[in-house]
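Put chain B on the given structure of chain A with help from the hints.
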Amino acid sequence: DSGVTQTPKHLITATGQRVTLRCSPRSGDLSVYWYQQSLDQGLQFLIQYYNGEERAKGNILERFSAQQFPDLHSELNLSSLELGDSALYFCASSRRAGALVAQYFGPGTRLLVL
Amino acid sequence: AQSVTQLDSHVSVSEGTPVLLRCNYSSSYSPSLFWYVQHPNKGLQLLLKYTSAATLVKGINGFEAEFKKSETSFHLTKPSAHMSDAAEYFCVVSEDQGAQKLVFGQGTRLTINP
Chain A
481 DSGVTQTPKH
491 LITATGQRVT
501 LRCSPRSGDL
511 SVYWYQQSLD
521 QGLQFLIQYY
531 NGEERAKGNI
541 LERFSAQQFP
551 DLHSELNLSS
561 LELGDSALYF
571 CASSRRAGAL
581 VAQYFGPGTR
591 LLVL
Chain B
324 AQSVTQLDSH
334 VSVSEGTPVL
344 LRCNYSSSYS
354 PSLFWYVQHP
364 NKGLQLLLKY
374 TSAATLVKGI
384 NGFEAEFKKS
394 ETSFHLTKPS
404 AHMSDAAEYF
414 CVVSEDQGAQ
424 KLVFGQGTRL
434 TINP
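Chains A and B, in that order, are what the protein sequence lines are. Per the working numbering, the first sequence starts with residue 481, numbered consecutively. Per the working numbering, the second sequence starts with residue 324, numbered consecutively.
If you are wondering where the hints come from, they were derived from the structure by calculation, not from laboratory data. There may be inaccurate statements among the hints.
[To be verified] The calculated DSS-like cross-link candidates involving lysine-lysine, where the alpha carbons are at most 25 Å apart (straight line), are:
| no. | chain 1 | residue 1 | chain 2 | residue 2 |
| --- | --- | --- | --- | --- |
| 1 | B | Lys381 | B | Lys365 |
| 2 | B | Lys372 | B | Lys391 |
| 3 | B | Lys365 | B | Lys391 |
| 4 | A | Lys489 | B | Lys365 |
| 5 | B | Lys392 | B | Lys381 |
| 6 | A | Lys537 | B | Lys372 |
[To be verified] Residues from chain B that face chain A, not an exhaustive set, calculated with beta carbons under 8 Å:
| no. | residue |
| --- | --- |
| 7 | Lys365 |
| 8 | Lys372 |
| 9 | Lys424 |
| 10 | Gln429 |
| 11 | Gly430 |
[Claimed, not checked] Now the stretches of chain A that chain B is said to cover, found in silico as 3 or more residues with beta-carbon under 8 Å:
| no. | stretch |
| --- | --- |
| 12 | 516–527 |
| 13 | 584–592 |
Heads up, the beta-carbon is just placed ideally off N, CA and C, and yes, glycines get one too.
With the rest of the complex left out, here is chain A (with noise of 0.2 Å):
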């Protein structure tokens, strides 16, 4: 167990729907990160945020933000949900910013757009 939680664990949604995401950090993890796994693209990152800030942004969709709060855990919004956005995803923390620093994963949230 990493210390990363996620909810919720599966989502089954229709096109064209909305859903949030949600992370908790480690404790004493100030950054958070998205990944989406899926089987054509892989596991990508979408977004960092350190401190309640967007720190570097990866390939992700217009249709999709994110947000870290005082409390530091942060949310994923989907939006405009499309076919192809079923996917895995991650959340990922860490003490602070920078590459020499190793993340750690939660369990991922299993979205399945139908």
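Below, chain B alone, put in the same frame as chain A:
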């Protein structure tokens, strides 16, 4: 931009025999390198990390990896495979550019034969 190539999509070994999972990286700067493991229906677990302190890195569960700059490689090894090692393994690179974006390889599925 950094990238990672895992040379084998699938490796199969017998229990008790050595494991070798190959990874080559490309990076313009001094990279940080990681190996993560993903067991079926589980999140990603950090096995080990290289951050320039020592070229031979020891990780959890008897795994180790050697950083070879001349060959731009970071292969993962284990002297004796155990059934519980069956999983997907990801080689990951992160550049020391402040932003902590991880770039994942496509993964190597390790199968252990009894």
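So, going through the hints one by one against the coordinates:
About 23 Å separates the Cα atoms of Lys381 of chain B and Lys365 of chain B, which keeps this hinted pair within 25 Å; it holds. Of the supplied pair hints, the one linking Lys372 of chain B and Lys391 of chain B holds, its CA atoms being roughly 14 Å apart against a limit of 25 Å. For a cut-off of 25 Å, the pair hint linking Lys365 of chain B to Lys391 of chain B is broken: about 30 Å separates their Cα positions. For the hint pairing Lys489 of chain A with Lys365 of chain B, the CA-to-CA distance comes to about 11 Å; that is within 25 Å, so the pair holds.
Restraint check for Lys392 of chain B and Lys381 of chain B: the C-alpha separation of about 17 Å stays at or below 25 Å, so the hint holds. Distance hint between Lys537 of chain A and Lys372 of chain B is fulfilled; the C-alpha atoms sit about 23 Å from each other, no more than 25 Å. The beta carbon of Lys365 of chain B is positioned within 8 Å of a beta carbon in chain A (closest approach about 7 Å), and the interface hint is therefore held. With 8 Å as the threshold, the beta carbon of Lys372 of chain B comes within range of chain A, its nearest partner Cβ sitting at about 5 Å, so the hint holds.
Restraint check, Lys424 of chain B versus chain A: the minimum CB separation of about 5 Å is within 8 Å; hint holds. Interface hint status for Gln429 of chain B: upheld, as the beta-carbon distance to the closest one in chain A is roughly 5 Å, under 8 Å. A least Cβ separation of about 7 Å between Gly430 of chain B and chain A falls short of the 8 Å threshold, and the interface hint therefore holds. Coverage of the stretch 516–527 of chain A by chain B holds [criterion: at least 3 residues with CB-CB distance below 8 Å; count 4].
For the stretch 584–592 of chain A, the stated coverage by chain B holds: 5 residues have a C-beta nearer than 8 Å to a C-beta of that chain, and at least 3 were required.
Checked against the numbered hints given earlier, the structure breaks only hint 3 and satisfies all the rest.
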